[in-house]
Structures are given as C-alpha cells and as structure tokens.
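Peer 1: Residues per chain are reported as follows:
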Amino acid sequence: MSNKNSNLSILFKGLLLENPVFVLILGTCPTLATSTTVIGAIGMGLAATAVLICSNMVISMLRRFIPDTVRIPCYIVIIAGFVTVVEMFIHAYLPSLYETLGVYLALITVNCIILGRAEMFAGKNTVFKSALDGVGMGLGFTLALLSIATIREVIGAGTFAGIEIPVLVDYKIEFLQKTPGGFLIYGIMIAVVYKLTHGKAPKKTKFGCESCPSFSVCGGVKCDNTVKEAK
Amino acid sequence: MDTFKSLIIILMSSVLVNNYVLNRFLGICPFLGVSKKLNQAVGMGFSVIFVMVVATAVTWPIQHFLLDSYGLGYMQTIVFILVIAALVQFIEMALKKFIPSLHKSLGVYLPLITTNCAVLGVTIENIDESFTFVESIVNSLGCGLGFLLAMVLFSGVRSKIDDSEIPESFKGLPATLIAASFVSMAFLGFAGIVDNLFA
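If you read the sequences in order, they're chains E and C.
My numbering puts the first residue of the first sequence at -18, with every later residue one more than the last.
My numbering puts the first residue of the second sequence at 8, with every later residue one more than the last.
Read the hints as simulated data drawn from the structure, not as lab findings.
There could be a bad hint or two in this list.
List of simulated lysine to aspartate or glutamate pairs, EDC-like, C-alpha gap at most 20 Å [unchecked claim]: (1) E/Lys110 - C/Asp202; (2) E/Lys176 - E/Glu155; (3) C/Lys12 - C/Glu172; (4) E/Lys176 - C/Glu142; (5) E/Lys110 - E/Glu100.
Not the full set, but computed from the structure, chain C residues with beta-carbon under 8 Å of chain E [said to hold, decoys possible]: (6) Phe32; (7) Leu74; (8) Tyr81; (9) Leu89; (10) Val90; (11) Ser191.
Here the structure is a predicted model, which is why all the values come from computation and not from measurement.
Heads up, the beta-carbon is just placed ideally off N, CA and C, and yes, glycines get one too.
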C-alpha cells in the first residue's frame, strides 16, 4: 500500500484495486442500507465523499498537533462536525434526499471508511495526498454503491432512478429490494470483483481488525480476528 | 395496561420485526466480524445490550433537557458520539475496578463498541421517534436483544460454512454475506407479527 506514491495511483486505487467497499470491506452498513435506490446511493456516496475529503484534509493538517494517545476522539469530533455540516446542507437544499437517507446520514460519523482512512492514510500523509485519497476513496464508495443500487433497483423494482423500465417493471423480483437481497448482491459483487482483479487485490478472507475503526483502540491485541499487520 | 401493551409492542418489534442487523443494516461490522464463535458472539451481544441501554439512559436526558431547551439540536451527532465514546471508556474502567469477573468476559468487546453504528443509531432513533424515557429504554433493550439473537443464530450458521466446499471466488466473506442473506430472509417472516399481537 505504501510504496505506490504517485498521486495518480493514490487517486485511482480507490476505484477498484483498493475499493473501500468491495476490497477493503469498509462501510458495510450504509452500503447495504442505502443501495435500494439509485438516487439514495448517489446521495449517500456524495455525502460521504464530501465528509471524507474535508475530514482527510483537516486531519492531515492537524496530524502534527494531535497527540497520538487521544487521536481517535479527535478524529471522531472532526468527522462528526463535518457530518453535521453536510446533514444541515442536505436538509436545507435537498429535503427529499434527507427523507430517503434518514438516520443513515448522521451515521456517516461512524462509517468505518472515514475513520479508517483517517487512521490509515490522512494521519500519515500530506494534505494534498490526503485530499486525493479522499476523492479516490469517496468515488470508489459512490461507484460501489451505485453498482449495487443499479442491480437492486433495476431488477428489484423495475425502475432506474425512479424512471420505469418498460418490460422489467412487470417482472420485478421484489426480494432484491428487501434486506436479504442486499446481503446477497453484496456477497456476489465481492466475489465478482475478486474474479475481475484476478486476486491482485488482496482479498480478505475474514474481517480483519484493520477494517474495524476500533483497531487503533485495541491495537488488534485483544481481538481474535486479528490479521497480523504490523502497525 | 395500555402503556404496558405499547411497551411490549415496542420490544417485540425491535427484537424481531425491525431487527437492527437483519432488517435495518446497523451493526453489520461486528455482526460479520465477531460471529465466528458462539462464546464471542454471546459476549459481544451482551456488551452491546449493556452499552445501548446505558447510552440511551444518558443521551435521552441530554437531548431533552440540554440540547432541546437551549436550541442546540444540530449538535446532536457530535454530542452523542462523544458521550458514547466517553461512556464506553468509563464503563470499561468501572467494570475493571468493581466487577473484574464481568470485565473479564465483556471487557474485550467494549472498545469495539464505540464506533458500532447500532449504538449511535438507536440513540438517534429514540429521539426521532419521540419515544418517552421508558419507551426509549425498552426500545434500546429490544434492539440489543435483537442484535444478540442475530449474532447467536448466525454463529451457528457460520460454523457450518467452514466445513463446506465453496468455489474459490466465494470463499470467505462472500459466502458469509450470502449466508447472512438467508438468515435475514427467515426474519422477513416476522413482518406483521406485531400488528396482530393483541388483536
């Protein structure tokens, strides 16, 4: 992860090779919850991207001032601040999207992608690189959400972004719109991405600790799922 | 009697119908991460119940007596996440000092809960649904119980996956997610049970 330093690769690695959703397996909750409609997926993706870019930049700027021992609470406060800003913005200008996303908008705060990138990237890199990383990871997240949502909405509801598709609307498989459909499509997509990248992307066989935002708190010592990764 | 009925309805609906993990997609990370062994699943489940109830007991008064009365509603997210983080740390220290045996069994899981979206989710939901204090506590208890139930059921399913032959691409996480899909399909059957509970 660390030897690819060129700015372009930082930007593009988020899209497929280190896609936060399909490869790093971060941010599962919002991925599954907001991917029933294309509009909701795009809204969620862009909201998280905005928070990610801002928090990455600020955390990177402050990385020399934040004491190591209290960095997680500091990160959380910075992230929660930006989430509140984005939430108020969407509430004011896009009220229907605000309704669709509901509680998941506030839950961007505990989205593992954002805290995970703060911990894995922004806390160690320059402001510019962190911003690029935020853009790449955010777009990767949006793209992943969009691909899952497209499948779930087109096949599950027979519509795309709310527009009916002539034939499919008569033969919709409503199961995909429900919770089990979300799990199922997500599982299949991870397998497909693994196949597409021919195992180049390090596949996670289990939930490693580093995907868990509390990794830095427990240091992977206490948790049985530890993928031994020297920090 | 009616309040009692409504409390039972809230409890049942949060345990079975609106199960946080299997219907609302909250707390997926620990659900997939810690459900490998039954004893871990139970430990995590009880820790989540405990933290959810205590967090609700603290955040509800904060929202109603502090944030609402001073017009600071927009601070909700920041305040709640800080309160939960501090609370978890505090609970861990208190348990370590006063009830070491409980700390031994739950302590491992406590730091992992700080960023569990289910905990923040339930505290915010209690406010959004404008539940009373008692209803909020019952709702949190129900959500925690639902989480425990899902964890325990799923750890059983997972032990079967480990013994089966799976195509290479599906090994590991994809297979786990598809299994989760089947478990959540079973929970779809509970929809509507609450409406007819006292009919």
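Peer 1: Does the structure keep lysine 12 of chain C and glutamate 172 of chain C at a Cα separation of 20 Å or less?
Peer 2: Between lysine 12 of chain C and glutamate 172 of chain C the Cα gap is close to 48 Å, so the pair fails against 20 Å, i.e. violated.
Peer 1: Is the shortest C-beta separation between leucine 89 of chain C and chain E less than 8 Å?
Peer 2: holds, 7 Å
Peer 1: Is lysine 176 of chain E close enough to glutamate 142 of chain C, meaning Cα to Cα at most 20 Å?
Peer 2: violated, 48 Å
Peer 1: Take the C-alpha atoms of lysine 110 of chain E and glutamate 100 of chain E, compute the straight-line distance between them, and say whether it is at most 20 Å.
Peer 2: holds, 14 Å
Peer 1: Mind checking the alpha carbons of lysine 110 of chain E and aspartate 202 of chain C for me, to see if they're no more than 20 Å apart?
Peer 2: Violated, at roughly 54 Å.
Peer 1: Does tyrosine 81 of chain C hold up as a contact with chain E if the rule is Cβ-Cβ below 8 Å?
Peer 2: holds, 6 Å
Peer 1: Compare the distance between the alpha carbons of lysine 176 of chain E and glutamate 155 of chain E with 20 Å, and conclude whether the hinted pair is satisfied.
Peer 2: violated, 27 Å
Peer 1: With 8 Å as the cut and Cβ atoms as the points, is serine 191 of chain C at the interface with chain E?
Peer 2: Interface hint status for serine 191 of chain C: holds (5 Å vs cutoff 8 Å).
Peer 1: Using 8 Å as the Cβ threshold, decide whether leucine 74 of chain C counts as touching chain E.
Peer 2: violated, 12 Å
Peer 1: Quick check on phenylalanine 32 of chain C please, does its C-beta sit within 8 Å of some C-beta on chain E?
Peer 2: holds, 4 Å
Peer 1: Interface hint check: valine 90 of chain C, Cβ to nearest Cβ on chain E, cutoff 8 Å. Holds or violated?
Peer 2: Violated, about 11 Å.
Consistency note: the structure conflicts with the earlier hints numbered 1, 2, 3, 4, 7 and 10.
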